[in-house]
Amino acid sequence: MSSGLEHRDFAESLAAYALGALPDEQSAQLRTHLASCRECRAELEWLRAAVDALPASVPQVEPPPELKGRVMELVDAEAELLQAAGEVADRPEPPARRRRRWPSISGWRPSVVLVSAAAAAVLLVGIVLALSSGVTTTTARTIHAQVTGPARLAGARASLRVRGSHVELVVSRLPTPAADHVDELWVQRGSKAPVPAGTFVVQSGSVVVGHPVRQGDHVLVTVEPGRGTRAPTTMPFIAAKV
Amino acid sequence: MATQRRTGTRAPGTGLRQLGDEELMQLIAGGDARAFEVIYERHATVAFSLAYRICGVRAAAEEVAQEAFLAIWRSGARYDRTRASVRTWLLGVVHNRAIDSLRRSTVHDRQRAADEHAAEHVEAPERTEVEVARREQARSMRAVLGALPDDQRRVVELAYFGGFTHEQIAEMLGAPLGTVKGRMRLALEKMRASIEPREAVL
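Top to bottom, those sequences are chains R and V. Just so we're aligned, residue 1116 is where the first sequence starts under our numbering, counting upward by one. Just so we're aligned, residue 240 is where the second sequence starts under our numbering, counting upward by one.
Because the hints were derived from the structure by calculation, they are not lab data. Treat the hints loosely; a few may be bogus.
[Unchecked claim] Listed below are the simulated DMTMM-like cross-link pairs for lysine to aspartate or glutamate, each with C-alpha atoms no more than 20 Å apart in a straight line:
id, chain 1, residue 1, chain 2, residue 2
1, V, K429, R, E1195
2, V, K429, V, D390
3, R, K1183, V, D260
4, R, K1183, V, E306
5, R, K1183, V, D319
6, V, K429, R, E1160
7, V, K429, R, E1158
8, R, K1183, V, E302
9, R, K1183, V, E280
10, V, K429, V, E368
11, V, K429, R, D1167
12, R, K1183, R, E1195
Bear in mind the structure is a predicted one, so any value in this text is a computation, not a measurement.
From just these sequences and the hints, can you work out the full model?
So, in structure tokens, the structure goes:
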């Protein structure tokens, strides 16, 4: 139970909280109080109905029709991906055979690569995020990508969308990398060292693979520190063969 | 062009259009794009209008509305019908994202956003009965806001549409923090009472 004074302080802040006007720290303190104070919860619920009605006071402006086109294009692409990935996800994972395909990966050492800011900047130039455009459902070929590790447990799905030499990685529900880390794309040809193909921090959407891809190449994704590295320092958690 | 891009997809059938928002959310959780399209059609105008009211710029409002609808689509499985209606949930997401977008802009833009009369508004044409009813609701809520004393309406607008904290508002208005909090409370209580009278407290 809170003391009377504390309760009164919190009660006086309920309207500001409902309007989103409390700074983060005070909001967190108030939420802790709400968990144990039925009176404040009831009062907040009462006040919140007024805040919920505020959007209705706004002059109604019709959105441009293109907005629906853009939203539905992404939604349709993701629905298609979910459907395709759902069928594969239900099958048992064949880990042993997949692992043997990239013998070079097990030899990657985390400490091998030190990245200069300049090198990172060069990598970043290659990044093109195609979140709101560039995903078409007409002539592209979709290839299922294997997702492993915690990303798989989190329900992440991935596929490649190939149109000629243009390749996009389409992901959904990807966990956000830890602070000061990014997801990095690689293109691996045969047994050669993987070549960096851009970094990204995207949970759901599509990312252009920033390196030419040929038939038979592997497209991989790893988590890398800072703004990306020039050689992978962790095991790939997304892999697909073009 | 839109029709060409959408080749291979179907427009939502009348069956889907007859479902309530909560039922559609269950289908969306299973990846049903057509169910989502119905939600979009139902709520796009109010969502865009709120985003535009806060951002004051069409391009930013479009971005916010797009992000909010995609967030609804991607988190369909996390929707909790016991907490809020789909519309309230969506508008909450729009509000949060619009305020985030606004907070990245300048203080000048935010003061403009809090001042409704400075923004350019092109009202949507009234086409359906639902839209007419919504327009009526908008007028009556504007009347409620308009009936508030200026100092109370101002703190609500600065907080909700401008994204300022109560401390920032106190500084801007040169008023004590307690006064600002009190005005917020009085304003919300009056608005709330105009929606429906307070029932006996449990």
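Hints versus structure:
For the hint pairing K429(V) with E1195(R), the CA-to-CA distance comes to about 48 Å; that exceeds 20 Å, so the pair is violated. A distance of roughly 14 Å separates the Cα atoms of K429(V) and D390(V); the hinted pair therefore holds under the 20 Å criterion. A hinted pair counts as satisfied when its Cα atoms are at most 20 Å apart, and K1183(R) with D260(V) qualifies at roughly 18 Å. This hinted pair checks out: K1183(R) and E306(V) have alpha carbons roughly 12 Å apart, not beyond 20 Å.
Between K1183(R) and D319(V), the direct Cα distance comes to roughly 25 Å. Violation of the 20 Å bound is thereby established for this hinted pair. The hinted pair formed by K429(V) and E1160(R) meets the criterion: a straight-line CA distance of about 15 Å does not exceed 20 Å. With a C-alpha separation of about 14 Å, the suggested pair K429(V) and E1158(R) falls inside the 20 Å cut-off, and the hint holds. Straight-line distance between C-alpha atoms of K1183(R) and E302(V) comes to about 12 Å, which keeps the hinted pair within the 20 Å bound.
Restraint check: the Cα-Cα separation between K1183(R) and E280(V) comes to about 8 Å, which is no more than 20 Å; the hinted pair holds. Taking the CA atoms of K429(V) and E368(V), the gap is near 29 Å; set against the 20 Å cutoff, the hint is violated. For the hint linking K429(V) to D1167(R), the alpha-carbon distance of about 14 Å falls within 20 Å, and the restraint holds. For the suggested pair K1183(R) and E1195(R), the alpha carbons sit about 18 Å apart, so the restraint of at most 20 Å is met.
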